[in-house]
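Starting from the known structure of chain A, fit chain B onto it as the hints suggest.
Protein chains in written order, with the numbering used here: chain A, 1 to 500; chain B, 1 to 500.
Keep in mind that the hints were calculated from the coordinates and are not lab data.
Hints should not be assumed to be uniformly reliable.
As the list makes no split between identical chains, a pair holds if one copy fits it or if it spans any two.
[Stated by the list, open to error] Mimicking DSBU-like on lysine-lysine, the simulated pairs with C-alpha atoms at most 35 Å apart in a straight line are:
#1 K324 - K258
#2 K47 - K438
#3 K441 - K78
#4 K468 - K258
Source: prediction; values computed, not measured.
2 protein chains.
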Amino acid sequence: MEPNSNTLTYKHLGIYTQNENVVYMRYDCHVCKSEGFEALVRIRVSKAPRSIVASLNVVSSNMLLPGEIGLSDAAAQKLDVSENDLLHVSHLEPIASLGHVRAKIYNNKLDREAYGHIITDILAGDYSNIHLSAFITACAGDRMDLDEITDLTKVMITSGKTLDWNQSIIVDKHCIGGLPGNRTTPLVVAMVTAYGLTMPKTSSRAITSPAGTADTMEVMTNVTLSSDEIERVVNQEGGCFVWGGTAQLSPADDVLIKIEKALDIDSEGQLIASVLSKKAAAGSTHVVIDIPVGETAKVRSMEMAQKLQRDMEAVGRAVGLTVKIVITDGTQPVGRGIGPSLEAMDVLSVLKNEAKAPQDLKERAVLLAGELLELSGKVVSGEGNRRALQVLESGKAYDKFISICEAQGRFSLPVPAPHTLEVKAERSGVLHHIDNRKIAKLAKLSGAPRAKSAGISLYVRLGDRITKGQTLYTLHAVTEGELRYALDYKNDHEDIITIL
Amino acid sequence: MEPNSNTLTYKHLGIYTQNENVVYMRYDCHVCKSEGFEALVRIRVSKAPRSIVASLNVVSSNMLLPGEIGLSDAAAQKLDVSENDLLHVSHLEPIASLGHVRAKIYNNKLDREAYGHIITDILAGDYSNIHLSAFITACAGDRMDLDEITDLTKVMITSGKTLDWNQSIIVDKHCIGGLPGNRTTPLVVAMVTAYGLTMPKTSSRAITSPAGTADTMEVMTNVTLSSDEIERVVNQEGGCFVWGGTAQLSPADDVLIKIEKALDIDSEGQLIASVLSKKAAAGSTHVVIDIPVGETAKVRSMEMAQKLQRDMEAVGRAVGLTVKIVITDGTQPVGRGIGPSLEAMDVLSVLKNEAKAPQDLKERAVLLAGELLELSGKVVSGEGNRRALQVLESGKAYDKFISICEAQGRFSLPVPAPHTLEVKAERSGVLHHIDNRKIAKLAKLSGAPRAKSAGISLYVRLGDRITKGQTLYTLHAVTEGELRYALDYKNDHEDIITIL
Numbered sequence: 001m002e003p004n005s006n007t008l009t010y011k012h013l014g015i016y017t018q019n020e021n022v023v024y025m026r027y028d029c030h031v032c033k034s035e036g037f038e039a040l041v042r043i044r045v046s047k048a049p050r051s052i053v054a055s056l057n058v059v060s061s062n063m064l065l066p067g068e069i070g071l072s073d074a075a076a077q078k079l080d081v082s083e084n085d086l087l088h089v090s091h092l093e094p095i096a097s098l099g100h101v102r103a104k105i106y107n108n109k110l111d112r113e114a115y116g117h118i119i120t121d122i123l124a125g126d127y128s129n130i131h132l133s134a135f136i137t138a139c140a141g142d143r144m145d146l147d148e149i150t151d152l153t154k155v156m157i158t159s160g161k162t163l164d165w166n167q168s169i170i171v172d173k174h175c176i177g178g179l180p181g182n183r184t185t186p187l188v189v190a191m192v193t194a195y196g197l198t199m200p201k202t203s204s205r206a207i208t209s210p211a212g213t214a215d216t217m218e219v220m221t222n223v224t225l226s227s228d229e230i231e232r233v234v235n236q237e238g239g240c241f242v243w244g245g246t247a248q249l250s251p252a253d254d255v256l257i258k259i260e261k262a263l264d265i266d267s268e269g270q271l272i273a274s275v276l277s278k279k280a281a282a283g284s285t286h287v288v289i290d291i292p293v294g295e296t297a298k299v300r301s302m303e304m305a306q307k308l309q310r311d312m313e314a315v316g317r318a319v320g321l322t323v324k325i326v327i328t329d330g331t332q333p334v335g336r337g338i339g340p341s342l343e344a345m346d347v348l349s350v351l352k353n354e355a356k357a358p359q360d361l362k363e364r365a366v367l368l369a370g371e372l373l374e375l376s377g378k379v380v381s382g383e384g385n386r387r388a389l390q391v392l393e394s395g396k397a398y399d400k401f402i403s404i405c406e407a408q409g410r411f412s413l414p415v416p417a418p419h420t421l422e423v424k425a426e427r428s429g430v431l432h433h434i435d436n437r438k439i440a441k442l443a444k445l446s447g448a449p450r451a452k453s454a455g456i457s458l459y460v461r462l463g464d465r466i467t468k469g470q471t472l473y474t475l476h477a478v479t480e481g482e483l484r485y486a487l488d489y490k491n492d493h494e495d496i497i498t499i500l
Numbered sequence: 001m002e003p004n005s006n007t008l009t010y011k012h013l014g015i016y017t018q019n020e021n022v023v024y025m026r027y028d029c030h031v032c033k034s035e036g037f038e039a040l041v042r043i044r045v046s047k048a049p050r051s052i053v054a055s056l057n058v059v060s061s062n063m064l065l066p067g068e069i070g071l072s073d074a075a076a077q078k079l080d081v082s083e084n085d086l087l088h089v090s091h092l093e094p095i096a097s098l099g100h101v102r103a104k105i106y107n108n109k110l111d112r113e114a115y116g117h118i119i120t121d122i123l124a125g126d127y128s129n130i131h132l133s134a135f136i137t138a139c140a141g142d143r144m145d146l147d148e149i150t151d152l153t154k155v156m157i158t159s160g161k162t163l164d165w166n167q168s169i170i171v172d173k174h175c176i177g178g179l180p181g182n183r184t185t186p187l188v189v190a191m192v193t194a195y196g197l198t199m200p201k202t203s204s205r206a207i208t209s210p211a212g213t214a215d216t217m218e219v220m221t222n223v224t225l226s227s228d229e230i231e232r233v234v235n236q237e238g239g240c241f242v243w244g245g246t247a248q249l250s251p252a253d254d255v256l257i258k259i260e261k262a263l264d265i266d267s268e269g270q271l272i273a274s275v276l277s278k279k280a281a282a283g284s285t286h287v288v289i290d291i292p293v294g295e296t297a298k299v300r301s302m303e304m305a306q307k308l309q310r311d312m313e314a315v316g317r318a319v320g321l322t323v324k325i326v327i328t329d330g331t332q333p334v335g336r337g338i339g340p341s342l343e344a345m346d347v348l349s350v351l352k353n354e355a356k357a358p359q360d361l362k363e364r365a366v367l368l369a370g371e372l373l374e375l376s377g378k379v380v381s382g383e384g385n386r387r388a389l390q391v392l393e394s395g396k397a398y399d400k401f402i403s404i405c406e407a408q409g410r411f412s413l414p415v416p417a418p419h420t421l422e423v424k425a426e427r428s429g430v431l432h433h434i435d436n437r438k439i440a441k442l443a444k445l446s447g448a449p450r451a452k453s454a455g456i457s458l459y460v461r462l463g464d465r466i467t468k469g470q471t472l473y474t475l476h477a478v479t480e481g482e483l484r485y486a487l488d489y490k491n492d493h494e495d496i497i498t499i500l
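So that you can see chain A by itself, here it is in the shape it has in the complex (with noise of 0.2 Å):
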């Protein structure tokens, strides 16, 4: 066989590989002997008009037949490929943009067309994890300038579709998360759009936290809708609750977070070019961002919240974003409930201005939508709270909450988990320390947010006086056996709430 002859009979192997594309071929390929398997980690292959990068794994057992090349699944959708088809493999060219990554490591300052085509690469998939590694490496602890962030802002917002809304004035708000069960969003949109303003919200579901967003809509109302379907909602409502996945926005970014929730750090150039990118290109106008600051939250200290303040505005503003920072408490979680349909409860029973409502999570969500209200100029300023209080007393944000929830296709109230168990304080005292990152970890051990009802009902909060018996929280699940998970987790952490 001809060593330049590259083209194999694709068979379908149903293997998802969660990272990178993947493809397989057998060791005694004629490719693979012709080029050896060490100069082709990473190989091209194409079915015209489309092509992907992909890393080499080589078989040598008969899952694949003389002639067959098989891909990951993500790989095959990329392609489009089906039974059969014929697949054509060649030599990985050189990554161009790789010389800026190079650049970047070795401390040099980037412009805006290197970082564009490093994020033109980056979409293209042509960046193995090793190189989004070591770019987002080369980008962290302050390695970036405020010209540099601005940059690389600039080029995600365009780097995937852009919504344009017709309207003057666009808002939205995000929180630089860390905090469970601080579900203000919903309660926000229903407050600022009952107010006159205009807040097409779109929310991510959950990565490594026991609930996003969409992920508590959900129990609620659909939010997997098609652009068109969120235009007629946002037209008639003036707001909407969806799911931001399909929207397309910075791609790029949801590529870079992966590897950066696999590395757990959080680079500050990156998440305000994340986080502002998302803004841009959904278009907003008028953005307020919520930075809880605790201990076990996402930023850990005051000082650290005021830097990444200061320089989140100052890209907003080379953007084109109005952006209002607003620091809050991250010391303890928010609301009662940590998981999808218990965050559902909390959130309905703040709009329905129920006694036993949490106030911490009701505090926060109007705070939130008064600097919204502020920062529009829809109110003057020193009056955004009161009016955002108003509009949720009055009962307006429930009525246009539902409204919202129609429109999307159904309200539904949350349901109960099936199986609870209540834990109980072992000692008298004070509730000294709560540790956000391990109450996650429990709702996420008891199911949250795959089972939507499951999670955790947290009774106490920082400074209570706990007496020896007394109900700390309730765990859900819908199996035992999570349960029991769940179960293990506490006794193994003594840490998750502290009683001195």
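Quick look at chain B alone, frame taken from chain A:
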């Protein structure tokens, strides 16, 4: 089925993944279902007493049946599993040393203990490529000071096996690569051992070049020797030429080098730690390091070479090695042959003092051997070159070379490749530039180092007056297809050799 019953039956799949360990589990496996795939990107797989960390690939075909689990070939080997063994899977506990990597990303200085933890976890296989890339990037761009490079070197020395020769002086040489055909090592070993020094030389195979010293020596003798065999040869002959791959010296380096190759960066700190840790672990005391400098060599400027010289000598002192740096011309290939057999022919030609022997290769080898003779104190300063030349021209170096080869099991002559093609000058003029990287690529496309006899014979040197039609080089290949491969590349790249 219980969600915490995590035992599955191993099935051999025959997939070689090149990079990370991969574990294959079915989409409907209880562990995947109870935890969610996203949460399980990396998991621990155990078969007592061994355990590894692997990336999860999710299988939706009948490649695996319910209750079965698969592993990539290298992972299966590390765990020592056989068909139908029961394997246990569990969550990956947090990798504590990643905290040090994050600290380094944020520009903090790490101490020896921190580097120790990182290297230990890397050797345990706990780091993914994402983590490895972040560690390398965070250490690149002059972000390690001399203390840190020294600490990393010390940690790497003790991370694997170390050799002890019971002698006060053990010499070695190393070349900071990048120059095709620069095969001085066999000549240096022959000269200095003929002079009575001990030089137990372990060499590498090619990773991205057309030939490593081990590939070239394998043409003429056996290079895969056991520790006992190496000891016998060195005790008898004072030296050896063996492949270092089985020696397990500084094994962390092997892991890091793969990532550096993918990034195409040579972090100075990592480079120094890599080279010096291998030498110290091999029991060397006096080391000469050749740094070729040239536009298309690994080290591109005299300034970089001089900084590397200062830092390498300083770290050498700190870890107890006497290091001498020799900065050489890296503007063009050395010798005539590029490829294992062709380089072996050059080596033999120099050893036999043939008139046609490439003088540049001879001069370089004599220079380095002379430096080693002086550095070791065997001859007085200023006398090294003359003594090395003497031992070469007297035929003693040749005799020693043959003796060592025979002690290693055989001496064989290199054989020529069956297919050749002469590439001729398309214009007259002066030879202005040779691209080391592209000429190396051309040799690889011809089949080197896999096909031992493949490669290039280069007949011209920078500054030569060239006449149109004159043969510039000959391509050698084992198949006509490979010859065509190389020719296609040559035709696409006019700047391999520039005549002005």
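Hints versus structure:
1. K324 - K258: For K324 and K258, only the intra-copy Cα distance (27 Å) is at most 35 Å; the inter-copy one is 45 Å.
2. K47 - K438: between (47 Å within a copy, 29 Å between copies)
3. K441 - K78: both (34 Å within a copy, 31 Å between copies)
4. K468 - K258: neither (42 Å within a copy, 56 Å between copies)
The earlier numbered hint that this structure contradicts is number 4, and it is the only one.
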